[in-house]
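Full structure from sequences and hints, please.
Note that the protein sequences, when read in sequence, are chains A and B.
Counting from 1 along the first sequence, just add 1 to a position and that's the residue number in the working numbering.
Counting from 1 along the second sequence, just add 1 to a position and that's the residue number in the working numbering.
If you're looking for bench data, these hints aren't it; they were derived computationally from the structure.
Listed next, the in silico DSSO-like pairs over lysine-lysine satisfying Cα-Cα at most 27 Å (straight line):
1. Lys283/B / Lys283/A
2. Lys231/B / Lys344/B
3. Lys231/B / Lys301/B
4. Lys283/A / Lys279/B
5. Lys344/B / Lys301/B
6. Lys344/A / Lys231/A
7. Lys301/A / Lys344/A
8. Lys279/A / Lys283/B
9. Lys231/A / Lys301/A
These numbers were taken from a predicted model, which means no experiment stands behind them.
Number of protein chains: 2
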Amino acid sequence: MTFDTLSSDQIQALLDEQTAAYETLKASGLKLDLTRGKPSPAQLDLSNELLSMPGADFADAAGTDTRNYGGLTGLTELREIFAPIMQVPVEQVVAGDNASLAMMHDNLVFALFHGVADSEQPWGVEEAVKFICPVPGYDRHFALLEEYGIEMLPVDLLDDGPDVAAVRELVKDPAVKGMWLVPTYSNPTGAVVSEAVAAELAALETAAPDFRIFWDNAYAVHHLTEQHTKTADILGLCSASGHPNRPVIFASTSKVTFAGSGVCFLGSSADNIEWYLKHLAKRTIGPDKVNQLRHARFLKSVDGVHALMDGHREILAPKFQAVVDILNARLGEHGVASWTEPKGGYFVSLDVVDGTASRVIQLAREAGVAMTPAGAAFPYGDDPRDRNIRIAPSYPSPEELAAAIDVLATCVLIAACEQALAQ
Amino acid sequence: MTFDTLSSDQIQALLDEQTAAYETLKASGLKLDLTRGKPSPAQLDLSNELLSMPGADFADAAGTDTRNYGGLTGLTELREIFAPIMQVPVEQVVAGDNASLAMMHDNLVFALFHGVADSEQPWGVEEAVKFICPVPGYDRHFALLEEYGIEMLPVDLLDDGPDVAAVRELVKDPAVKGMWLVPTYSNPTGAVVSEAVAAELAALETAAPDFRIFWDNAYAVHHLTEQHTKTADILGLCSASGHPNRPVIFASTSKVTFAGSGVCFLGSSADNIEWYLKHLAKRTIGPDKVNQLRHARFLKSVDGVHALMDGHREILAPKFQAVVDILNARLGEHGVASWTEPKGGYFVSLDVVDGTASRVIQLAREAGVAMTPAGAAFPYGDDPRDRNIRIAPSYPSPEELAAAIDVLATCVLIAACEQALAQ
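Now the structure itself:
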């Protein structure tokens, strides 16, 4: 992407114009934050009933006193709500505490120390352990792998999922033990793994007998349109292909109810669940069942979850539309950037002129707009083309968001002009 | 311990009498459980206000929206309540989720993968890692070590803490990286580590520069009498001895508020806290702050904690007294058992005739009384003298408890008679 039709003088004129605009914006003392995918207060308000629940009745449907110890798998009635969303039988769903990231962490730790269900030995005693990382992807996934010395192998995330041909080559290496995937409305591009791609990943012949897909369905029900994209049934596909233990499915209510005080879920094969619970039992006596009871009573059913998510959509969809509208209005004519128009999830992924993402983010920061650091969506923070910027529209007010995206567009143009003139 | 003054005929007569009593008890169809230190419903009721908290006001004292992401160290106002109980500056206290066991687990995992603040390398790459385990002790502590292949070295837990001479010998081995301690009202004996023993442990010269004391102060405020035993200030003692990073202090509200839905705490040196948070940040974005807000508002202050614990004491103390009274009445004259009379905590530790604990527990089980398995309070479940039985009086009703201890006493006598006659 570049200014194909502009002369140097025209580019210089554009740079002057944008720089003047930038200086004005900078002088206005903005303090805006587009870094993290945090729900806004208005979204959190949708679940305020939780704040005084469960009330006097603390028994779950089975009559268990939720205040006491025990119940490692979590409350049945809450698992029943999320099992169909995860497309996993309820017996194979574990409800945990407030962070699916923690479940992912623990799965890695248990695998490194003990190996998984099909391992010949603990992953940690292998010479190397590698994970395939579709990019751009979720920075916290990559940070977990880095923390535990697991080598990351990027592959391109296309519109319908990861580049399967690239994955197919990589899994010939027995050190490749797994891959990350956010199957629905991926972070940050909004890509959805198609049924066909999911089937190919399920059927892949991998050199490692204990290859795992960490299927982080963080945005399973987080639609931005009335079209409810259905996630591929990865457990069914893997079972049908003879790899029942391949997928480990994660979900959470962090962006359904309260981001800090929700419930997370893990679903997988019966063997994997047995393995997970065996190790989890050493770490804890059980999850916060009172919070699970709150959630079960508040959400009520799958339909209850969808109704709540409709409320989120009403708040979020106009924000995403505003981002896209401003980017179109400010950048559309220049051909120096492209961006996603996601049907769900929490992010817009913006690609700017190669080699300018860091400069754009620096300019934005200096004008008071905090963006996720350049490269954050890539393993080791290294975006080889230095072009990807993740936009998180959920938290700011509509006015703040519009102001921030306007600044960002100005910075994109400035950086593009600077680079074009330097060549 | 044995029947010093009885003839074989007298022992046989006692056995016949007790066996007849046992058969009657067995026929009565009891179903009683003395296995785990669970609070009773009446104890949990003391905290029922939590069930409808925090209500509409979800902001913490600093104005933070507790419903959203973030705040890895936990709510300041809750840490302020527990910092003095833990004898750690509030800046060096982290409030977590519902299980201090999980914090202990994560400390071990982080140490194995990364080493601790004073380590030359990760513990996991050492040829061997060993922990000193005062016995009898807490089975879940030992299970954690076993899970991660850490070798356990038992030392006797005396009335004033672990046998320091034995500890002093063991720490000459650089593979000895740490030790467990429940300093106040230990599980199961109720022993309290004296200031003198704590000072010796703090000052010990250890071959490992990164030796850690896992100071699990689970029963810090769990007094059974009006005497409030003060825990030794292990952080102060270690700092004064030039080993500021030695202690890692754990506490929780599991037996203060709700056992399944409380808050846990970690306190240590500034270096250790920095180390812990650095690794914790990879695992989670933050703890359940709404639950922490509930706890801060409900407990209010250190005095609030003590007032609540007075309520627990009123319920628990008569149960402990009943256990001791029945054991005295049934076993006192025979000299075949000894037991603790703890001033706090959750357990009575019963020592029976050497070699008969397993038999006692088997007999009890067959009569409908579930006890913690013999050996549970020892590493690898191995009580070398097969004599220790842990009694958890908290959960059953007073009537159930009395019935269960009566059965237990009968079983102790039967097993003692059987053994005496077999010799």
